[in-house]
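Colleague: Okay, here's what each chain looks like letter by letter:
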Amino acid sequence: MQIYLDTNIFYHAYCPVEKGSIIDWLFEKLSTEFQGVTSEWAIVEMFRALKKQVNLGIIEEKDANLALDFFLVEIGQMVQDDKIILKPVSFKSIMAARELIFTYNLYAADALHGITAINSNVGAFISTDSDFKYDLGTVPIINPLETNFKEKIMNFFIE
Amino acid sequence: MTNISVSVDDELVEWLDQLISKGFIKNRSEAIRGGIYSFILNKLGFKSKADLREYLKKQQKKDFQTGKQAIRSIREEE
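Quick mapping for you: the protein sequence lines, in order, are chains A and B. Residue numbering for the first sequence follows the working numbering, beginning at 1 and increasing consecutively. Residue numbering for the second sequence follows the working numbering, beginning at 160 and increasing consecutively.
What the hints contain is simulated information worked out from the structure, not anything from laboratory work. Even glycine gets a Cβ: it sits at the ideal position worked out from N, Cα and C. Certain hints may be false.
[Stated by the list, open to error] One-sided and incomplete, this derived list gives chain A residues near chain B with beta-carbon spacing under 10 Å:
id	residue
1	G20
2	D24
3	A67
4	D131
5	Y134
6	L136
7	T138
8	E151
9	K152
10	N155
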């Protein structure tokens, strides 16, 4: 079983925002049997998201880079341990994103994540973005900030 | 991929190869890659994600954007 991890899940894991502990719980659940999948694009989005916090005067650049180094090391370890699969941004996925962009008027990155999730046959798309409400076929969108999140995840272990 | 040549104590390599033969570690490459990650992690000094978040909370001058705000705003920068 695999679940797709939207970029905001990593942001919640490595930045001091609400409900970080439930994201910690999710990462602890990842294993070779219950893998997280994400696009390589999530990494560059994390770079930009942390730089944005610097631009907004929230943190110093050195602290943003400390957070990113920690994020990169942990991602590297999870990939090596087969707990996370990093999907490349392939030309195939770029071409497939076209239909999502025109059907749902999606932003490019939203379409890229959506199509990567669909093509990976994941069991769920995990995102804290309550506005991400697009039809990903049979892939349900689950928000960790909503109630019953743990229950919904634990159902994957029962099935 | 980049090849790196390093000199390592014979005893350490012998011990590593024993662990590989027991199936505890896949191969030397896996051990060295894992070692690099662990070394950097150790240098950074954070014990966990929660530890990093606690550190950033102390350093922040005002509240971080929420996950939704931060990622949504950069996706709409296009």
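Colleague: For the hint on E151 (chain A), just tell me whether its beta-carbon gets within less than 10 Å of chain B.
Modeller: 21 Å, violated
Colleague: Against chain B, with CB atoms and a cut of 10 Å, does the hint on T138 (chain A) hold up?
Modeller: It is violated, given that the least Cβ distance between T138 (chain A) and chain B is near 24 Å, above 10 Å.
Colleague: Hold the hint about Y134 (chain A) up to the distance rule: shortest CB distance to chain B must be less than 10 Å.
Modeller: Hint violated; Y134 (chain A) Cβ to chain B Cβ min 13 Å, cut 10 Å.
Colleague: Should the hint that D24 (chain A) touches chain B count as held when the rule is a Cβ pair under 10 Å?
Modeller: 6 Å, holds
Colleague: A closest beta-carbon separation below 10 Å is what the hint needs, so does A67 (chain A) meet it against chain B?
Modeller: 6 Å, holds
Colleague: Grab the minimum C-beta distance from N155 (chain A) to chain B and call the hint holds if it beats 10 Å, violated otherwise.
Modeller: Violated, about 23 Å.
Colleague: Was the hint right that L136 (chain A) lines chain B, CB cutoff 10 Å?
Modeller: Check failed: Cβ of L136 (chain A) comes no nearer than 16 Å to chain B, outside 10 Å.
Colleague: Hint check: is the beta carbon of K152 (chain A) less than 10 Å from a beta carbon of chain B?
Modeller: 18 Å, violated
Colleague: Taking the least C-beta to C-beta distance, is G20 (chain A) closer than 10 Å to chain B?
Modeller: 5 Å, holds
Colleague: Would the stated hint for D131 (chain A) survive a check requiring a Cβ distance to chain B of less than 10 Å?
Modeller: 7 Å, holds
Of the numbered hints given earlier, the model fails hints 5, 6, 7, 8, 9 and 10; all others are met.
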